[in-house]
Amino acid sequence: MTSRPASPALGMIASAAAMTAIVGIWVSRVFTSESAYVSEMGAAGAPMATVFNLSLVLVGVAAFLVERSLHAHPVVHAHLLPQLGGALLIGGLMFVVAATVTCTEGCPVPFTAGSTVQDFIHIASAVLGFGAALAAMVITGFAGRSRWVRTVSLGGALAVLVTASTGALIALFDGPTWFGGWLEFVATTIAIVWLALLAWHLSRLSRRRPLTAARLSRMW
Numbered sequence: 006m007t008s009r010p011a012s013p014a015l016g017m018i019a020s021a022a023a024m025t026a027i028v029g030i031w032v033s034r035v036f037t038s039e040s041a042y043v044s045e046m047g048a049a050g051a052p053m054a055t056v057f058n059l060s061l062v063l064v065g066v067a068a069f070l071v072e073r074s075l076h077a078h079p080v081v082h083a084h085l086l087p088q089l090g091g092a093l094l095i096g097g098l099m100f101v102v103a104a105t106v107t108c109t110e111g112c113p114v115p116f117t118a119g120s121t122v123q124d125f126i127h128i129a130s131a132v133l134g135f136g137a138a139l140a141a142m143v144i145t146g147f148a149g150r151s152r153w154v155r156t157v158s159l160g161g162a163l164a165v166l167v168t169a170s171t172g173a174l175i176a177l178f179d180g181p182t183w184f185g186g187w188l189e190f191v192a193t194t195i196a197i198v199w200l201a202l203l204a205w206h207l208s209r210l211s212r213r214r215p216l217t218a219a220r221l222s223r224m225w
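Residue numbering for the sequence shown follows our numbering, starting at 6 and increasing by one per position.
Calculated directly from the structure, the hints in this document are not laboratory data.
We treat Cβ as the ideally placed atom computed from N, Cα and C, and that holds for glycine.
You may find that some hints are simply not true.
To be verified - Using C-beta positions, here's what the derived DEER-type ranges look like:
1) S151 with E110: 14 to 24 Å
2) E110 with A173: 17 to 27 Å
3) V167 with V28: 20 to 30 Å
Generate the whole structure from the sequences, applying the supplied hints.
Structure, rendered in structure tokens:
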């Protein structure tokens with residue numbers, strides 16, 4: 006059994022898209038209020054909304070391209086490949102939706118005063134996208150075929166879980182908004198860096214000879 010060939014360019018484009026997205030969200034962060042949460046950087050009226058939302062679209066594109074590359078170079082065991090691919094596709098789609106349907110000014114929490122259906126769609130998409138990204142990291146962390154992939158993925162998943170959950174608790178209990186916003190931003194950055202590294206790893210695999218079943222079994 007030999008996996009289908011894939012061009013190294015696919016992984017390289019995905020990695021470049023993810024890294025460009027990181028630059029975009031950091032530029033957006035610099036020109037946005039320190040107390041803003043991530044979604045507020047792309048909200049209506051935000052100074053860098055266009056840059057931020059285009060960056061989210063790039064994350065979605067990177068996720069789609071990585072999912073395509075997995076068919077040629079599965080980085081996890083075959084029985085979990087559909088789950089990983091599904092998590093990447095859902096995450097990518099949700100980030101594109103969140104970039105397209107932005108929240109209104111101030112990003113009010115759904116079902117609170119001033120919130121709209123638009124806010125609900127945006128925040129629900131962002132939460133689902135982030136959850137799917139975390140699921141992809143966990144799957145790769147436990148079922149990756151190489152030690153490098155497992156280490157990077159599991160470490161990234163733990164870092165994202167700790168920072169994102171802490172930021173959510175701060176928001177829930179009306180803690181310092183600036184601190185919660187930065188924690189959420191750091192968690193987002195870690196997740197996108199992981200995607201860029203996975204794409205880069207896939208591009209390296211694509212430069213090698215096609216993977217056979219025997220070689221795949223030795224990668225564990």
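Holds or violated: 17 to 27 Å for the Cβ distance of E110 and A173? holds, 22 Å
Hint says 20 to 30 Å; check whether the CB-CB distance for V167 and V28 agrees. holds, 25 Å
Per the hint of 14 to 24 Å, is the separation of the Cβ atoms of S151 and E110 within bounds? Between S151 and E110, where Cβ atoms are some 46 Å apart, the hint is violated.
In summary, the one numbered hint that this structure violates is 1.
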